[in-house]
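Q: Working from the sequences, and respecting the hints, build out all of it.
Going down the list, the protein sequences come from chains A and B. Our numbering puts the first residue of the first sequence at 93, with every later residue one more than the last. Our numbering puts the first residue of the second sequence at 9, with every later residue one more than the last.
Keep in mind that the hints were calculated from the coordinates and are not lab data. Treat the hints with care, as some may be off.
[Claimed, not checked] Computed list of lysine-lysine pairs in PhoX-like fashion (alpha-carbon distance at most 20 Å, straight line):
#, chain 1, residue 1, chain 2, residue 2
1, A, K112, A, K156
2, A, K112, B, K50
3, A, K133, B, K50
4, B, K66, B, K45
5, A, K133, B, K30
6, A, K133, B, K113
7, A, K112, A, K147
8, B, K30, B, K76
9, B, K45, A, K133
[As the list claims (entries may be wrong)] Where chain B lies over chain A, by a calculated footprint (3+ residues, C-beta under 8 Å):
#, segment
10, 132-140
11, 201-207
[To be verified] Beyond 12 Å from chain A on every Cβ pair, some chain B residues (computed):
#, residue
12, L19
13, Q22
14, D25
15, S26
16, A27
17, K30
18, R69
19, I70
20, A71
21, T73
22, T77
23, K79
24, H84
25, D92
26, A121
Yeah, the Cβ is synthetic: ideal placement off N, Cα and C, and Gly gets one too.
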Amino acid sequence: GAVVSQHPSRVICKSGTSVKIECRSLDFQATTMFWYRQFPKQSLMLMATSNEGSKATYEQGVEKDKFLINHASLTLSTLTVTSAHPEDSSFYICSARAGGGYNSPLHFGNGTRLTVT
Amino acid sequence: GENVEQHPSTLSVQEGDSAVIKCTYSDSASNYFPWYKQELGKGPQLIIDIRSNVGEKKDQRIAVTLNKTAKHFSLHITETQPEDSAVYFCAARSSSGNTPLVFGKGTRLSVIA
Numbered sequence: 093g094a095v096v097s098q099h100p101s102r103v104i105c106k107s108g109t110s111v112k113i114e115c116r117s118l119d120f121q122a123t124t125m126f127w128y129r130q131f132p133k134q135s136l137m138l139m140a141t142s143n144e145g146s147k148a149t150y151e152q153g154v155e156k157d158k159f160l161i162n163h164a165s166l167t168l169s170t171l172t173v174t175s176a177h178p179e180d181s182s183f184y185i186c187s188a189r190a191g192g193g194y195n196s197p198l199h200f201g202n203g204t205r206l207t208v209t
Numbered sequence: 009g010e011n012v013e014q015h016p017s018t019l020s021v022q023e024g025d026s027a028v029i030k031c032t033y034s035d036s037a038s039n040y041f042p043w044y045k046q047e048l049g050k051g052p053q054l055i056i057d058i059r060s061n062v063g064e065k066k067d068q069r070i071a072v073t074l075n076k077t078a079k080h081f082s083l084h085i086t087e088t089q090p091e092d093s094a095v096y097f098c099a100a101r102s103s104s105g106n107t108p109l110v111f112g113k114g115t116r117l118s119v120i121a
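A: And the structure:
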C-alpha cells in the first residue's frame with residue numbers, strides 16, 4: 093500500500109533555532125502533500141497545502157514566513173519551522189494523496205514530535 | 009466551508025461488543041468520507057472510506073454507513089478487541105476541486121478486556 097515516511101519522528105531544539113521536517117512518498121508520486129498540526133488530544137489542523145513546483149497554500153492564521161514549505165520533487169516535501177519558540181512545540185503530520193485524482197485516499201506519515209526548549 | 013461534527017468524544021466498550029461512532033457534515037457537495045485510526049504517537053491510518061454513491065461499505069469487522077439526505081455517516085466496529093483501542097477520526101471532502109479533508113474532533117475508543 094501507499095507509504096508516507098516522515099523524518100525525524102522526534103526533535104528537540106532550542107528556542108530561536110530552525111528545524112526541518114521531511115515528508116516522503118515512498119512508493120508513489122505526490123503532486124500535492126498536506127501539512128497538519130495536532131495538539132494533545134485534539135484533532136488535526138490543516139496548516140498548508142504543498143504543491144510540487146509551486147508555492148504552498150497556507151491556511152488562514154498560519155504564518156508562511158515561519159513555516160516554510162518546499163515541495164521540490166514529486167516524492168518530497170519539507171516543512172521548516174524557523175526561529176522556533178516553545179509555543180511551536182506540537183505534533184506535525186504530513187499526508188499525501190496516492191493516485192492523481194482528488195478523491196484518491198489520503199495517507200499520513202507517522203508524525204514529528206517537536207519540542208522547543 | 010465544510011464542518012464535521014463527531015460523537016461521542018470518548019467511548020468505552022467491553023471486548024466483543026460493538027462500537028458505533030457518528031459524524032455529521034454540513035456541505036451537501038461533499039462526496040468522500042474516510043475514517044482514520046490514530047494510535048498513540050503515530051500518524052492517522054486510513055481504515056475505511058466511503059463515497060457518496062454508496063450507502064454502506066464493509067471490511068471484515070469494520071463497516072461504514074452513509075445517509076446523504078441526513079448528511080451523516082457512521083463507523084461500526086463489531087467484535088471489538090483491545091487492539092481496536094485508539095482515537096478514530098471521521099473526515100469529509102467536498103467534490104469541488106483539490107480541497108483538503110475536514111476532520112472531526114475524534115473519538116477515543118477504549119476496549120476493555
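Q: Could you run down the list of hints and mark each one as holding or not?
A: Hint check:
1. A/K112 x A/K156: holds, 14 Å
2. A/K112 x B/K50: The given pair, whose Cα atoms are some 19 Å apart, holds under the 20 Å limit.
3. A/K133 x B/K50: holds, 13 Å
4. B/K66 x B/K45: Roughly 16 Å between the alpha carbons, so the hint for B/K66 and B/K45 holds.
5. A/K133 x B/K30: holds, 18 Å
6. A/K133 x B/K113: holds, 9 Å
7. A/K112 x A/K147: Cα-Cα ~17 Å, so holds.
8. B/K30 x B/K76: The given pair, whose Cα atoms are some 14 Å apart, holds under the 20 Å limit.
9. B/K45 x A/K133: Roughly 14 Å between the alpha carbons, so the hint for B/K45 and A/K133 holds.
10. 132-140: Since three or more residues must qualify, the claim that chain B covers the segment 132-140 of chain A holds, with 5 doing so at under 8 Å.
11. 201-207: Holds: 4 residues of the segment 201-207 of chain A have a Cβ under 8 Å from chain B.
12. L19: holds, 14 Å
13. Q22: holds, 24 Å
14. D25: holds, 24 Å
15. S26: Non-interface label stands for B/S26: nearest chain A Cβ at 24 Å, farther than 12 Å.
16. A27: The assertion about B/A27 holds, with a minimum of 19 Å to chain A.
17. K30: The assertion about B/K30 holds, with a minimum of 16 Å to chain A.
18. R69: holds, 19 Å
19. I70: With a cut-off of 12 Å, B/I70 remains clear of chain A, as the shortest Cβ separation is near 15 Å.
20. A71: holds, 18 Å
21. T73: holds, 19 Å
22. T77: holds, 21 Å
23. K79: Check passes; 18 Å lies beyond 12 Å.
24. H84: holds, 20 Å
25. D92: holds, 19 Å
26. A121: holds, 23 Å
Going through the hint list in order, the structure satisfies each hint without exception.
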